[in-house]
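Starting from the structure of chain L, add chains F, U and E where the hints point.
The listed protein sequences derive, respectively, from chains L, F, U and E.
Just so we're aligned: the first sequence equals residues 1 to 140 in the numbering used here.
Just so we're aligned: the second sequence equals residues 1 to 140 in the numbering used here.
Just so we're aligned: the third sequence equals residues 1 to 140 in the numbering used here.
Just so we're aligned: the fourth sequence equals residues 1 to 140 in the numbering used here.
What the hints contain is simulated information worked out from the structure, not anything from laboratory work.
Certain hints may be false.
No copy labels: a pair is met if it fits in one copy or bridges any two.
Stated by the list, open to error - Listed next, the in silico DMTMM-like pairs over lysine to aspartate or glutamate satisfying Cα-Cα at most 20 Å (straight line):
1) K9 to D90
2) K92 to D44
3) K69 to E12
4) K9 to E20
5) K92 to D52
6) K9 to E76
Number of protein chains: 4
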Amino acid sequence: MITLEQAQKMIETALAQGAEDGLKPLSAIVLDAGGHPLAFARADGAAPGRFDIAQAKAYGAVMLGMGGKAQMARAEAQAYFMAAVNGIYDGKTCPVPGGVLIRDESGAVIGAMGVTGDTSDNDAKVAVAGIEAAGFTAED
Amino acid sequence: MITLEQAQKMIETALAQGAEDGLKPLSAIVLDAGGHPLAFARADGAAPGRFDIAQAKAYGAVMLGMGGKAQMARAEAQAYFMAAVNGIYDGKTCPVPGGVLIRDESGAVIGAMGVTGDTSDNDAKVAVAGIEAAGFTAED
Amino acid sequence: MITLEQAQKMIETALAQGAEDGLKPLSAIVLDAGGHPLAFARADGAAPGRFDIAQAKAYGAVMLGMGGKAQMARAEAQAYFMAAVNGIYDGKTCPVPGGVLIRDESGAVIGAMGVTGDTSDNDAKVAVAGIEAAGFTAED
Amino acid sequence: MITLEQAQKMIETALAQGAEDGLKPLSAIVLDAGGHPLAFARADGAAPGRFDIAQAKAYGAVMLGMGGKAQMARAEAQAYFMAAVNGIYDGKTCPVPGGVLIRDESGAVIGAMGVTGDTSDNDAKVAVAGIEAAGFTAED
Chain L
1 MITLEQAQKM IETALAQGAE DGLKPLSAIV LDAGGHPLAF ARADGAAPGR FDIAQAKAYG
61 AVMLGMGGKA QMARAEAQAY FMAAVNGIYD GKTCPVPGGV LIRDESGAVI GAMGVTGDTS
121 DNDAKVAVAG IEAAGFTAED
Chain F
1 MITLEQAQKM IETALAQGAE DGLKPLSAIV LDAGGHPLAF ARADGAAPGR FDIAQAKAYG
61 AVMLGMGGKA QMARAEAQAY FMAAVNGIYD GKTCPVPGGV LIRDESGAVI GAMGVTGDTS
121 DNDAKVAVAG IEAAGFTAED
Chain U
1 MITLEQAQKM IETALAQGAE DGLKPLSAIV LDAGGHPLAF ARADGAAPGR FDIAQAKAYG
61 AVMLGMGGKA QMARAEAQAY FMAAVNGIYD GKTCPVPGGV LIRDESGAVI GAMGVTGDTS
121 DNDAKVAVAG IEAAGFTAED
Chain E
1 MITLEQAQKM IETALAQGAE DGLKPLSAIV LDAGGHPLAF ARADGAAPGR FDIAQAKAYG
61 AVMLGMGGKA QMARAEAQAY FMAAVNGIYD GKTCPVPGGV LIRDESGAVI GAMGVTGDTS
121 DNDAKVAVAG IEAAGFTAED
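One chain only, chain L, in its complex shape (with noise of 0.2 Å):
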């Protein structure tokens, strides 16, 4: 289990490392082992939709399972799968990194980070800094 200190220390870490990297603005979320919003935050200048992209991509990491990277291979091999479940989602996926998931010592998936704003493997990169911040193992 997540708490919101430890999502929001995800979120602070991921935002700050960008910033620091000089990456465009960021937004940031944290779900739960169930999909649910814990946390998020999108930096001033990001574009308005981010929210619904960083929600996305955490959001099809959490559901099935998978991290962003291990998405992308699949929608690489078979676009046409990756389609039906964008749409058995209800469009909440989006098959690039920046979508990783969080486990506990114990391996569990607690739960996802999803970032974007910058390219997919920097969103990615800041998003396994803030989940290792937080003491949790991330699989991007």
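Just chains F, U and E now, with coordinates in the frame of chain L:
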């Protein structure tokens, strides 16, 4: 325009006020003038569906330009109207206190805050406290 | 069939009449006989969600072949029926005055106008003025 | 912020330019910074579903902060990403030219224009003309 720092100030204030007053665990969201999320937090122990309630309270307020109390009065007078409005906005309205308009010094609506978790009146009270702590005017 | 020039005449007339009568900022839409938008305008100062309300008022009218007043009477008598209708049309109905049928000289429904922003009765009044200014018959 | 007068100026200019250039009947929408309609017009002879295309072009642009040309480049490189984005925004995106960002003199995105009816490139061209006629900067 509401900055992320101001949005977080509103949410922290509302959740701290709720804890101080002995309210149940609260969830709070701040939306921009177009109804898009800027920041959200769900206190430990709150039910998983609280994001959706908080969002609906705030979304209905900003899209209609009416606080939760005015929406509730309309629902009491004409339930079928507010039911239709719920359909019009894809279910993202909740006509009770806790959806509060955020106005700047010129009086313009620059966003809305949605709080849920305790009684509707208590939800609205801490939302107002949060908005005022960030230096804005609240219409609940 | 309604031309774009006629649709714009209806909208300009409705908004000008509202301004002259001291009504709140209005939003107005004209739909064709299939319920599809021909023209829309939102006056400065109107809430962002007014497009959706205007569209719903007009869409319900043209799809049901009933003006807003007849829909409201039905909602007063049988709220669950109009609630079901709202679901049937994906939320795009609003059973109050302000959705007005547009009939040509043969009496055929050729579209509908939706106005929102002030009281429902005032919304309907300026919609009727707009439709008549374009040379058609209004059924509110 | 875009006034109704400015939005109508953009639309009138785009449709007039299209007629002058001998393009097919055009439809044009202007959305505010939150993706909500300010004004729309569909030229006589345009197909009934043109509102939805115009809205999708403009909505995707403003929500993502990317013009239609940048979206098309992304779709060419990663079709499954833009397909997922379409699901994320409930179908309201269209990754081709004709969705154009509107920037004010500070460079901030204050809305988007969507034009449809002729080739995507011609749609974008008249949208740019409309936005510039209203004194703003276009990013197509």
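How the hints compare with the structure:
1. For a Cα distance limit of 20 Å, the shortest separation of K9 from D90 qualifies neither inside one copy, at 29 Å, nor across copies, at 31 Å.
2. Taking the shortest alpha-carbon separations for K92 and D44, neither the intra-copy value of 24 Å nor the inter-copy value of 24 Å comes in at or below 20 Å.
3. Taking the shortest Cα distances, K69 and E12 never come within 20 Å of each other, neither inside one copy (23 Å) nor across copies (33 Å).
4. In this homomeric assembly, K9 and E20 come within 20 Å of each other (Cα to Cα) only inside a single copy, at 16 Å, whereas the closest approach across copies is 22 Å.
5. In the homo-oligomer, the alpha carbons of K92 and D52 lie at most 20 Å apart both inside one protomer (8 Å) and across protomers (13 Å), since each shortest distance falls under that limit.
6. Taking the shortest Cα distances, K9 and E76 never come within 20 Å of each other, neither inside one copy (33 Å) nor across copies (37 Å).
Checked against the numbered hints listed earlier, the structure breaks hints 1, 2, 3, 6; every other hint is satisfied.
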